[in-house]
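Chains as they are written, first to last, in the numbering used here: chain Y, 530 to 969; chain A, 163 to 349.
Source of the hints: derived by calculation from the structure; they are not laboratory data.
Hints should not be assumed to be uniformly reliable.
What the hints assert, rightly or not - Think about it this way: if two alpha-carbon atoms lie no more than 27 Å apart in a straight line, the pair counts; the simulated DSS-like pairs of lysine-lysine are:
#1 K201(A) <-> K913(Y)
#2 K862(Y) <-> K784(Y)
#3 K940(Y) <-> K224(A)
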Amino acid sequence: MGMTLTEKIVARAAGRQTVEPGENVWVDVDLLMTHDVCGPGTIGVFKREFGQDAKVWNREKIVLIPDHYIFTNDERANRNVDILREFAHEQDIQYFYDITDRADFKANPDYKGVCHIALAQEGHTRPGEVMFGTDSHTCNAGAFGQFATGIGNTDAGFIMGTGKLLIKVPATMRFVLNGDMPSYLLSKDLILHIIGDISVSGATYRTMEFTGTAVEQMTMDERMTLCNMVIEAGGKNGVIAPDSTTLDYVTSRTKVPFECVHSDDNARFFSDRYYDVSQLEPVVAKPHSPDNRALVRECRDVKVDRVYIGSCTGGKTSDFVNAARLIQGRQVKVPTYLVPATQKVYEDLFTMKLNHQTLSEIFLASGCIEPSAPSCAACLGGPKDTFGRLNEPEVCVSTTNRNFPGRMGNKQAQVYLASAYTAAATALTGFITDPRDFLT
Amino acid sequence: MGITIRGKVFVVDDNIDTDQIIPAEYLTLVPSKVDEYEKLGSYAFIGLPDRYGSFISSGALKTEYPIIIAGENFGCGSSREHAPIALGASGVRVVVAQSYARIFFRNCVATGELYPWETEERLCDLFTTGQEVTLEGDRCVIVNHSLGREYPLRSLGEAGPVIDAGGIFAYARSTGMIPLRSPQSAG
């Protein structure tokens, strides 16, 4: 019997010929990522368990990325970045993307921003590898044909000391997305559609593998959006088989060798679901759950107070390009917050042009709020002084990933999750708006 | 799995995510620091909608409810270990839910902080906050003294011995995966 892509990666990492879904196996870890929110606790567990003088298992396989609570005056948040820095120096960690000058993030060339996008950008996401991160959206990296999933501090502390982790082999649910993507649809619509179908627990303990002609046509940014949100269906990991698009992206960013793997023709899948993407329409997830799906055109009477474009899910360069396409030459009707995921995305806003205008010029001319420093920002609320945080019970259309009560700050706030197109169209009217109203 | 615990239940329903268990603004607290662990406990469930009532009395550090009763997909959302730790630090010993999100369940087991029991029956519709129950791990049942009825729990299976051992480190040491801790390195 054949194996799925995920089973093959896990088998290799476990030193086995084959594995079966449901088995518990110890795997060798290729990369451990942690950030300022969970890193200090992970370091605390590592020291408690392995000793104050212990050394990490591999200084080249740990990536430390401050990204969550950076541009805040919260003293504990600032201290947590200091803890990462001290540990990086003590252990001589090879990849630590530091920030010391919070007043001007551009003065920190090492500072990247949101970990999942930074990992990809810096060549840390590689086909065939096993990555764990102390963040649920670590599944984002599955877009590169690797096994990547989120873990807690204790498991991360264990990996820090041993390079190993005991995991259960997940069964794979296959999602076959065929057809030509309509001009008004983005992969965010597809994943919201799927989560609406299978619910916020529909993929619990399982892999979501995306395949089909629509996926083959997608850029890496669009593939990342699909895999990023598998956690919103409860998925353990998301995965897309590597192809020439993947290799072009990865080999231009790293010299580290890797091995591509693919699902066998006779692999066993837990389930198969087929979609003709050409028949799908733009959707939102209404408050307060990512599976509370509705067609955008069914929500036209919902008046919004602000629009937020940002995060690992919806703050990539392509998200801003897509938003700018609709916004160019028009005026936004509500405060529109732009939070580039990384410093590279921020730079792109000032260098990439549509019709001779940079993205930044397009946004500012339309009345958007000036793009902020790259970080996780208000996607998860954060300290009270976080840029874009919903401190009042407002209605927000957001390109982020979760809308449970209080996710972006205020418990009574209402967050609608949407694509960058829908977010931009909504900004232009002040009501939830189908991008087809502006895309001709 | 020998745990037997008697106390009052706090009842919530489906899809209680980690932001409701411990909102992101409190994640600056580092759970491995003793004083911050205590503080995390004092904020447990502070993100719940107001209709659930208060989980921890104003000014208190601990809850009077050592047992949580929940519906489906308890602990969904973020991978933050602060979630099971905040509950554990607040005085919760066990959660009894219909199902769990994967990372939350895993974090309960890895830390040994909470026992994540599962039930077939939808207890969150049958129980009400404040009722007195006894959970008997050996017999895999929860007895509701107010209702005068007992309900079966699913076996914790392979997770039970890990939590009994005190988490993944103790378990890995007991099985020889990592060396026993030497007195000097105990830190």
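Of all the hints numbered above, which does this structure not satisfy? Sort the numbers upward. Failing hint: just 2.
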